[in-house]
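Trainee: Given the structure of chain R, go ahead and fit chain S onto it with the hints provided.
Note that the protein sequences, when read in sequence, are chains R and S. When we follow the working numbering, the leftmost residue of the first sequence carries the number 12, and every step to the right adds one. When we follow the working numbering, the leftmost residue of the second sequence carries the number 3, and every step to the right adds one.
For the record, the hints were derived by calculation from the structure and aren't laboratory data. It cannot be assumed that every hint is accurate.
Stated by the list, open to error - Cut-off 16 Å, straight-line C-alpha distance, at most; resulting in silico cross-link-like pairs (EDC-like, lysine to aspartate or glutamate):
1) S:LYS54 to R:ASP123
2) R:LYS109 to R:GLU82
3) R:LYS43 to S:ASP154
4) S:LYS38 to R:GLU39
5) R:LYS184 to S:ASP84
6) S:LYS54 to S:ASP151
7) R:LYS186 to S:ASP84
8) R:LYS30 to S:GLU85
9) R:LYS183 to S:ASP128
10) R:LYS186 to S:GLU85
11) S:LYS115 to S:GLU85
12) S:LYS19 to S:ASP33
13) R:LYS117 to R:ASP144
14) S:LYS135 to S:ASP154
Nothing here was measured: the structure is a model prediction, and the numbers come from that model.
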Amino acid sequence: MTNLSNLADLASQKFMSCKNYLYKNYGESPGKMLVHTGVLGWILSSAAQVFAIVINDKIPAKEKMFLIPQEFADAAINILSFYAVTNSFTSVGNKLVKSGKLLTPKLKKYVDEKQIQDIGKITTDISSGMTGDIRNEFMKFKGGVSIIFSTVGSILSCNIITPILRNQYAAKKQKEIMAMRNEKSRANEPVQVPKQIANEFVYKPLSMNDYQKMASLKFSGNNLKI
Amino acid sequence: MVSKITSYFKDSYLYKKFQAGSRIARQAFYDVIPNKVIENEKIRNGITWVNKEISTPENRLILGATALMSQPFIDWHNKSVDENTRKVSVCRTVAKIVAGTFTGYFIRKGCIKAIDKWSKLPTSVDKSGNKIKLTRLNTLFSPSNAMSDLSDAFMQYKNALGTIVALGVMTITNFLIDAPLTKYLTNKFVVASGGLKHDKSK
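Chain R with its partners taken away, still in its complex shape (with noise of 0.2 Å):
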């Protein structure tokens, strides 16, 4: 008994640390948090992606030792991209009002009378001895820009950059499967094949469950973003 306590208390203060270690690193980093969000989101939508395979038993063997490393490349390519791009907008935008390139007209009052000296270089924090109204104002807008640049990173990288990124590499996965299907359809039917139409990936009609297959090798047919 006295060890279940114990250990209820041990979990009761983990979780607290973990309350307390959010409040502190979040709170007044917004944009962190976000860019630090969506990379989890990815990471859990590609981990239920791979699970998915993992227990679905219509899939044979053979064929999940191939898709399971192609989803591990899907979720890096994914994970990357967000994490590289989205965070280095986020770095930006907050390194600009640290470092006083971006003020707001009372920030600007506050470093001309403080003297601070290097504004605009990456070293200078003008936030360091902060506090009080200043400080508040600071953070608002430090905030707020920081929403601004990481939000625009993640559209970047989430509709721009990782779409053709992940097109290229799906297109190059698309041809590669299709060549092996055609390849295992010529040595399971012998049946002579009009040159014009031996030159094409695709000898018959495919059905809608086809397409949404071959769709799904594409960027946009990959793991839900959640």
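Mentor: Chain S only, in chain R's frame:
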């Protein structure tokens, strides 16, 4: 052991050179950007509004709306696949964005609201201005280092925790709602756009 390796790596000549080079490059980038004081009050108020009002649900809405403006066009102009694949791909993209944005927005909002309900502080008051009686349940997610429930930091904390919980929920709803809804909408969109060429399956 790990800290020893890290400090050895950080003290190395190569790492220091790399850091110095990276600092010079970053500084050169910032030097190009001119110093700016935002005099326009509307813009300043807009930035403050963004800080207060835009969080992950709104971010998801913005991403969804901009995705609708870009991704279908990227897919349609992907000439490395045939026309039918492109058509299904565009329909699936639109369906996925609609389904994902719909569930993403509402689940995030719902979870943040739930966290808000269960993160009360001694300073919390109800709609009529009366102090809220603190219970084990309504302080379940309250951090001990928060001073006021009115602070921006506390609001952002609730958004962060709500979003993390929402991400967990959405890992499941991704399969239960998004995937079937995406498939259903894709089929509808394909039919609405005139179907596929040579498709004998229908």
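Trainee: Would you mind marking each hint as holding or not holding in the structure?
Mentor: Structure-based check of each hint:
Simply put, LYS54 of chain S and ASP123 of chain R have alpha-carbon atoms about 28 Å apart, too far for the 16 Å limit, and the pair is violated. A C-alpha spacing of about 39 Å is found between LYS109 of chain R and GLU82 of chain R, which places the hinted pair above 16 Å, so the restraint is violated. Between LYS43 of chain R and ASP154 of chain S the alpha-carbon distance is near 15 Å, which keeps this suggested pair within the 16 Å criterion. Our distance criterion of 16 Å between C-alpha atoms is broken by LYS38 of chain S and GLU39 of chain R, whose separation comes to about 23 Å.
A C-alpha spacing of about 14 Å is found between LYS184 of chain R and ASP84 of chain S, which places the hinted pair at or below 16 Å, so the restraint holds. Taking the CA atoms of LYS54 of chain S and ASP151 of chain S, the gap is near 14 Å; set against the 16 Å cutoff, the hint holds. For the hint pairing LYS186 of chain R with ASP84 of chain S, the CA-to-CA distance comes to about 11 Å; that is within 16 Å, so the pair holds. At roughly 51 Å between alpha-carbon atoms, LYS30 of chain R and GLU85 of chain S are farther apart than 16 Å, so this suggested pair is violated.
For a cut-off of 16 Å, the pair hint linking LYS183 of chain R to ASP128 of chain S is broken: about 58 Å separates their Cα positions. With a C-alpha separation of about 14 Å, the suggested pair LYS186 of chain R and GLU85 of chain S falls inside the 16 Å cut-off, and the hint holds. The straight-line distance between the Cα atoms of LYS115 of chain S and GLU85 of chain S is roughly 45 Å, outside the 16 Å bound, and the hint therefore fails. Taking the CA atoms of LYS19 of chain S and ASP33 of chain S, the gap is near 21 Å; set against the 16 Å cutoff, the hint is violated.
For the hint linking LYS117 of chain R to ASP144 of chain R, the alpha-carbon distance of about 10 Å falls within 16 Å, and the restraint holds. A C-alpha spacing of about 22 Å is found between LYS135 of chain S and ASP154 of chain S, which places the hinted pair above 16 Å, so the restraint is violated.
When held up to the earlier numbered hints, the structure conflicts with 1, 2, 4, 8, 9, 11, 12, 14 and fits the remainder.
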